[in-house]
Amino acid sequence: MAKIKFWMGGVPQRRGIDIANIDCVILYDLPKNIRTYAHRICRTARAGKHGRSITIVEKERLTMFRATIKTYRRNKLKHMNITKEDFSYMLNDYQKALEIFSSKEQKKKLKKNK
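Per the working numbering, residue 376 is the first one in the sequence shown, and the count goes up by one each step.
Treat the hints as calculated values from the structure; they're not laboratory data.
Please note that a few of the clues may not be correct.
[Stated by the list, open to error] Lysine to aspartate or glutamate pairs mimicking EDC-like chemistry, simulated, CA-CA at most 16 Å apart:
hint, residue 1, residue 2
1, LYS424, ASP398
2, LYS434, ASP404
3, LYS407, GLU433
4, LYS459, GLU433
Construct the complete structure from the given sequences, taking the supplied hints into account.
Here is the structure:
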């Protein structure tokens, strides 16, 4: 069985952290500007290492996304069509992970407010 090291965090956690050995960043919420986008996807390419980023873009926002990164990109983008059905088998696990994450975040907030 293959193992995948991943980290999930909200916007505040994505900035100013450096987690070793992250091979891939998956973005499901597009940032509003190219600098923020570059900052997020470059989490994988540290200290001369190569990395991969996957950006999930809704069809309606694809043209805008391509226009935004056109002048910035160094490598050609690979476009893949993905449907909801492609991810339906993961939905239960994803929802459980979000519930656990939300629960932990709520506990942290309660501790801060005490």
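A quick look at each hint next to the structure:
1. LYS424 <-> ASP398: 9 Å, holds
2. LYS434 <-> ASP404: 13 Å, holds
3. LYS407 <-> GLU433: Distance ~14 Å between LYS407 and GLU433 Cα, so the pair holds.
4. LYS459 <-> GLU433: Status holds; Cα separation ~11 Å.
Every hint from the earlier list agrees with this structure, and none is contradicted.
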